[in-house]
Amino acid sequence: MWTYNKILQYPINIKQTDPRLAKVIISQYGGPDGELAASLRYLSQRFGMPDQTAKAVLNDIGTEELAHLEMVGTIVHQLTKNASIEELEKAGLAPYYTDHGVDVYPVSAAGVPFTASYIAAKGDPIANLQEDLAAEQKARATYEKLIDLCRDNPDVLDPLKFLRQREIVHFQRFGETLRGIQDKLAEKKYYMNKMN
Amino acid sequence: MSVENEDRTCIPCIPEATLPTMQEAPRECKNEKQMKMLKEIKCLEFAIVELAEYLDTHPNDEKALCLHNKYCKELKEIKDIYQKIYGPLTINYPCNKWRWLEEPWPWEGGNK
Numbered sequence: 001m002w003t004y005n006k007i008l009q010y011p012i013n014i015k016q017t018d019p020r021l022a023k024v025i026i027s028q029y030g031g032p033d034g035e036l037a038a039s040l041r042y043l044s045q046r047f048g049m050p051d052q053t054a055k056a057v058l059n060d061i062g063t064e065e066l067a068h069l070e071m072v073g074t075i076v077h078q079l080t081k082n083a084s085i086e087e088l089e090k091a092g093l094a095p096y097y098t099d100h101g102v103d104v105y106p107v108s109a110a111g112v113p114f115t116a117s118y119i120a121a122k123g124d125p126i127a128n129l130q131e132d133l134a135a136e137q138k139a140r141a142t143y144e145k146l147i148d149l150c151r152d153n154p155d156v157l158d159p160l161k162f163l164r165q166r167e168i169v170h171f172q173r174f175g176e177t178l179r180g181i182q183d184k185l186a187e188k189k190y191y192m193n194k195m196n
Numbered sequence: 001m002s003v004e005n006e007d008r009t010c011i012p013c014i015p016e017a018t019l020p021t022m023q024e025a026p027r028e029c030k031n032e033k034q035m036k037m038l039k040e041i042k043c044l045e046f047a048i049v050e051l052a053e054y055l056d057t058h059p060n061d062e063k064a065l066c067l068h069n070k071y072c073k074e075l076k077e078i079k080d081i082y083q084k085i086y087g088p089l090t091i092n093y094p095c096n097k098w099r100w101l102e103e104p105w106p107w108e109g110g111n112k
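Those sequence lines, one after another, are chains A and B. Position 51 of the first sequence, counted from 1, bears residue number 51 in our numbering, the numbering being contiguous throughout. Position 65 of the second sequence, counted from 1, bears residue number 65 in our numbering, the numbering being contiguous throughout.
Hint data in this document are derived by calculation from the structure and do not stem from the laboratory. Wrong hints could be hidden among the right ones.
[Stated by the list, open to error] Not everything, but these chain B residues come out facing chain A in the computed CB check (under 10 angstroms):
| no. | residue |
| --- | --- |
| 1 | K39 |
| 2 | H58 |
| 3 | I81 |
| 4 | K84 |
| 5 | G87 |
| 6 | P88 |
| 7 | N92 |
| 8 | P94 |
[Stated by the list, open to error] These stretches of chain A come out as covered by chain B in the derived footprint (C-beta under 8 angstroms, 3 or more residues):
| no. | segment |
| --- | --- |
| 9 | 51 to 58 |
| 10 | 117 to 126 |
| 11 | 174 to 180 |
Glycine included, every Cβ here is placed at the ideal spot set by N, Cα and C.
Let's have the full structure, built from the sequences with the hints guiding it.
Structure representation (structure tokens):
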């Protein structure tokens, strides 16, 4: 189970409304390499892992991704807060506003709704961990593109830089986990009959 | 803590760059003490998450384990004081009045 902690993992205090940035940053909420996909991917893959390390790493990183989901949702919320209808229209958010108003709904930057295939739980520890390593790099790359797009807004830049750093640390942990499993699989196995 | 670990100045794979450098408290904030405590709580919460993930793949690192214990103890102490004054941060904190409803929430700038 989880217990909610009434703080953000990293402070977010956006003073300037900017729906154009919200439209692209929402990709890290509900896009293919976003935090919703990441958290559910890891938390779903936990169940089939063969060793203690892999279970713990997926559990703990999956949990941290939920805190990142909240951070990205907060950025989108604060960037659209008090935006006028004209500003939303100008940012290309009229279709989004029609269906979701000011809620934060999981879609990609291009408006594609979240889909369960992003979760990619394959039922194979090696395939899953390779998927996770790629996922962390893809999320890092996405954050770097967002950092380019948000270059003029330090209030947005700061939490995005933090989130990018976390992808790098998670990649490191998944690499160590994969190595552990591969080393174990490569060990010599001995099968013995009962001695008479 | 083992002797050979004592002269190590930093934990491998946790470069300083990954530790958060928190934003300065916004100017409009009236309560500096609350902001200071919150910053410390966030730093400790973060350090504990980072150490926990590190310990998952390095369970025998005595120095990391010591730090984890230290930060957990410090977090508990400061969180108890904070919640007593400014209201609960989790629903596990007992209070005489139901202060969980107090606004703003984190995404609205509360406990930032």
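Notebook entry, point to check: Hint check: is the beta carbon of H58 (chain B) less than 10 angstroms from a beta carbon of chain A?
Noted result: holds, 8 angstroms
Notebook entry, point to check: Does K39 (chain B) pass the interface hint, meaning its C-beta sits closer than 10 angstroms to a C-beta of chain A?
Noted result: holds, 8 angstroms
Item checked: 8 angstroms C-beta test of the segment 51 to 58 of chain A against chain B, three or more residues -> Answer holds; 3 residues pass the 8 angstroms Cβ test.
Notebook entry, point to check: Against chain A, is P94 (chain B) within 10 angstroms by beta-carbon distance?
Noted result: For P94 (chain B), the interface hint is violated, since the closest Cβ of chain A sits about 14 angstroms away, which is over 10 angstroms.
Next item on the list: Answer holds if the nearest beta-carbon of chain A is closer than 10 angstroms to that of P88 (chain B); otherwise answer violated.
Entry: holds, 7 angstroms
Note to self: Count the residues of the segment 117 to 126 of chain A whose Cβ falls closer than 8 angstroms to any Cβ of chain B, and tell me whether that reaches three.
What the structure shows: violated (count 0)
Check: Is the shortest C-beta separation between N92 (chain B) and chain A less than 10 angstroms?
Finding: Since the shortest Cβ distance to chain A is 6 angstroms, the answer is holds.
Note to self: For the restraint on G87 (chain B), tell me whether the closest CB of chain A is nearer than 10 angstroms.
What the structure shows: holds, 8 angstroms
Item checked: Residues of the segment 174 to 180 of chain A with Cβ under 8 angstroms from chain B, three needed, outcome -> holds (count 3)
Checklist line | Restraint satisfaction for I81 (chain B) [CB to CB of chain A, less than 10 angstroms] | finding: Violated, about 15 angstroms.
Notebook entry, point to check: Was the hint right that K84 (chain B) lines chain A, CB cutoff 10 angstroms?
Noted result: violated, 15 angstroms
Hint compliance for this structure: hints 3, 4, 8 and 10 are broken, all remaining hints hold.
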